[in-house]
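Peer 1: Following the hints, put chain B in place on chain A, whose structure we already have.
2 protein chains.
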Amino acid sequence: MAWESLNPPRDYLKAGVRKPYRDVIDVSWGDPHRAGVKPLSFVRQVLAACLYPKLMEGDRLMVDVRQRAQRLLKECAGGSIGSYSNTAGIPEIVQRVSEFITRRDGGVPCRRENIFISSGSQWALNILKVLVNSEASPRTGVLTPVPCHSTTILSLMALGAAAVPYHLTEERGWALEVEELQRALDSAKGVCSPVALYVINPGNPAGYVQNRKSMQEVIRFAAEKRLFLLADEVYQDCVYGKTEFVSYKRALAEMGPPLSETVELASFHTASKGLMGECGLRAGYVELVNLDPAVMKHINSLFSTNSCAPVLGQIALDVMTNPPQPGDPSYPLYMKHIRTSLAENVRRVEEVVNSLPGFSCQPVEGGAFAFPTVFLPPKAIERAKEVGMKPDTFYCLRLLEEAGLLFSPGTEYGQKEGTYHIRFCIMIPLDVMEELLRRLSGFHKRFMKEFS
Amino acid sequence: MAWESLNPPRDYLKAGVRKPYRDVIDVSWGDPHRAGVKPLSFVRQVLAACLYPKLMEGDRLMVDVRQRAQRLLKECAGGSIGSYSNTAGIPEIVQRVSEFITRRDGGVPCRRENIFISSGSQWALNILKVLVNSEASPRTGVLTPVPCHSTTILSLMALGAAAVPYHLTEERGWALEVEELQRALDSAKGVCSPVALYVINPGNPAGYVQNRKSMQEVIRFAAEKRLFLLADEVYQDCVYGKTEFVSYKRALAEMGPPLSETVELASFHTASKGLMGECGLRAGYVELVNLDPAVMKHINSLFSTNSCAPVLGQIALDVMTNPPQPGDPSYPLYMKHIRTSLAENVRRVEEVVNSLPGFSCQPVEGGAFAFPTVFLPPKAIERAKEVGMKPDTFYCLRLLEEAGLLFSPGTEYGQKEGTYHIRFCIMIPLDVMEELLRRLSGFHKRFMKEFS
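Residue numbers (full-length UniProt numbering), protein chains in the order written: chain A, 1 to 452; chain B, 1 to 452.
So that you can see chain A by itself, here it is in the shape it has in the complex (with noise of 0.2 Å):
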């Protein structure tokens, strides 16, 4: 992570160093636990069990969790997660994951075949090497959105093809907008051929989520030019605004033949991301649709010389896929986990940040971050250009070294020439959320009045 780098400040705390805060509020990462939000029982009970079947004895386990560790460890090789599992994902998750998004889409069908788990919907982006000459000449270029976050820019590089961006339209809720999508397809000519276009909904950075509509007309755009769709559909379970969550796959099938069938399609999920966010076990989910055969055999093969997911990330998949439901003794717990809703944090941060001067931050409809922007004035802009650095690293650095907020600056995201923006992540304790906010409120006011 290009962050990390930022990191020392935590080391002069620990040195003793004597700062104005107590200890850094690290929100630079899209990594609730980090953040101190808690574990779902559910889930840490169903694999802890797993681990260590042992603790299935008595009845200090409520019965629903048993049962499915039980059933979860039938499906190990050997009754043990510490085996291998087929490459793809044990059979059986693959199966309920399948099952899971033909319930999400309304009944829209879902092959298991299509499903591929691997250690993160990162990792899951090497199916572009199918669609990737890195030999080609001109290289082959991947629509990607300005702000995106930079590990897909990082893979599709490392993969050997070109980002070819796209700007969303920050002052309509950073909208995805056709137009822009042409105008980005017609600046690769003569630079590299496009083959894929990448969107990301709930959006990250941006915390848009897109209407059917907004789909509808990206889906036609990507048929008419021929462009493999990437959806990084991680954050799909949150949700804040007015805007329901569709699929891809979903506006896609209720299109209809000849786009139904042709549109090649793939959809990333993960126990990274969301309510869960399990990011430390490595695990997420490809579905892929209407995929040409041959193509399908070379990704098949793609994952057979990879090792399989870690075993206990496939089992939060499958938890997080068919978590507790009514009538299960989990069941009450669970859902007075998952209501512990982010939509106050969401309202805090738009009234807070926005009553702040110099700041404008779009609704956020969803996702794990908020990315305002932030007028920095002049003075401070030329003060960062001579230190070297970008404005809204400077800013950043600042906030960090003065109010013990790591944020990451917008520069890292990519946003139109001359604007400046802050990213940080919203799914934290709602009273992490307002000692976070008290400290950026302070500390802005005494920037904007060092610079003014």
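Please keep in mind that the hints were generated in silico from the structure rather than gathered at the bench.
This one's a predicted model, so the numbers in the text were calculated from it and none came from an experiment.
Among the hints, a few may not be true.
No copy labels: a pair is met if it fits in one copy or bridges any two.
Mimicking DSS-like on lysine-lysine, the simulated pairs with C-alpha atoms at most 30 Å apart in a straight line are [stated by the list, open to error]: (1) K38 - K54; (2) K38 - K74; (3) K390 - K297; (4) K129 - K297; (5) K74 - K19; (6) K385 - K225; (7) K385 - K297; (8) K54 - K242; (9) K242 - K213; (10) K19 - K449; (11) K379 - K189; (12) K54 - K336; (13) K74 - K225; (14) K74 - K213; (15) K38 - K189; (16) K74 - K54; (17) K416 - K445.
Peer 2: Just chain B, lined up with the frame of chain A:
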């Protein structure tokens, strides 16, 4: 895995078709838990306590389990194994791994900056990316042993490198001989440009353990030919014969300057193999020695564009490299598990297999596999050709169908023209091994009679 296609026979078992065996014994993987080996309690208890810290309340778990889990949780961001770690691993675990290596190598120092934890030793082969230029002509070559497990060869191919096979000398206990390395190097002329030499010690599938003298010869050869040494040492805990395991790092250090300061070496280890056998957790590490600082920079950025290894796997590595010590409450049970030695399995395999007509098994000095030669009768070879199979694949398929033993054929690993081998995992409970040998003996005698 190439042999997944052989799973169907299990399906007919489930479907109730009568077979002359109760269940398939699958020893085609190096996957002890799959074959019925029980996980180490201490490992599983620490992992379960980290996952579900409530388990540490009361005294259900030994005090050293609780202390270990508490320390590890403090080292995780936000005190949760659900958060990301640094991409090279949790710094404190990396530090303890480096201390383990120093102890193992009799004090030869190990620098923590040279250790990278990844999601398995196979993944760590990606460091070859810095050596392999996929666009080079002629292609980059890597000297690889015959026999060799196929995952390495597949990884090399995926990176765009060419494998340059060198043969181990079966009749001398699968010895690695420098003359053969020279022959292999010569064979590459005009075909590819070798930059690295891959060695497996203890062997897989051939169960040799290299002695110091042989390693020194290999190191001198690598130095002279300027080859990067890639040492697969994942079975370092599994040694049954007279030759003790010496790491390439140690052998190199003992040779003194200039070699000890110049030969570039990567050594791989993992929690999947050896006595722990936690394949499903997905974690391993690589130690890099004598690499150019500029190359190390590349490797650092290679790791930093990836997500971290599964945190629970990292914790398993911590336990593997720092097991309970004399005086710790968990020590007696841990030692009892560890001492459930495989030496008796090995003795029985050599005894029984070598007593069968047409079989010859070199001493299994280390590793997880037996890889005996089977001298197939000409009529069997002919029949195999008729059905379009390699003779050893034909033998293994019959063995599966008639005796319920899932072995893998030598064809998968490479073998001298006209010789045939079978590989099977010896890390199985002793009663399973006895049943395996009973079935193998019965089947083999019938097979030899049928084709005599």
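Peer 1: Tell me the hint numbers this structure goes against, listed in increasing order.
Peer 2: 6, 8, 11, 13, 14, 15
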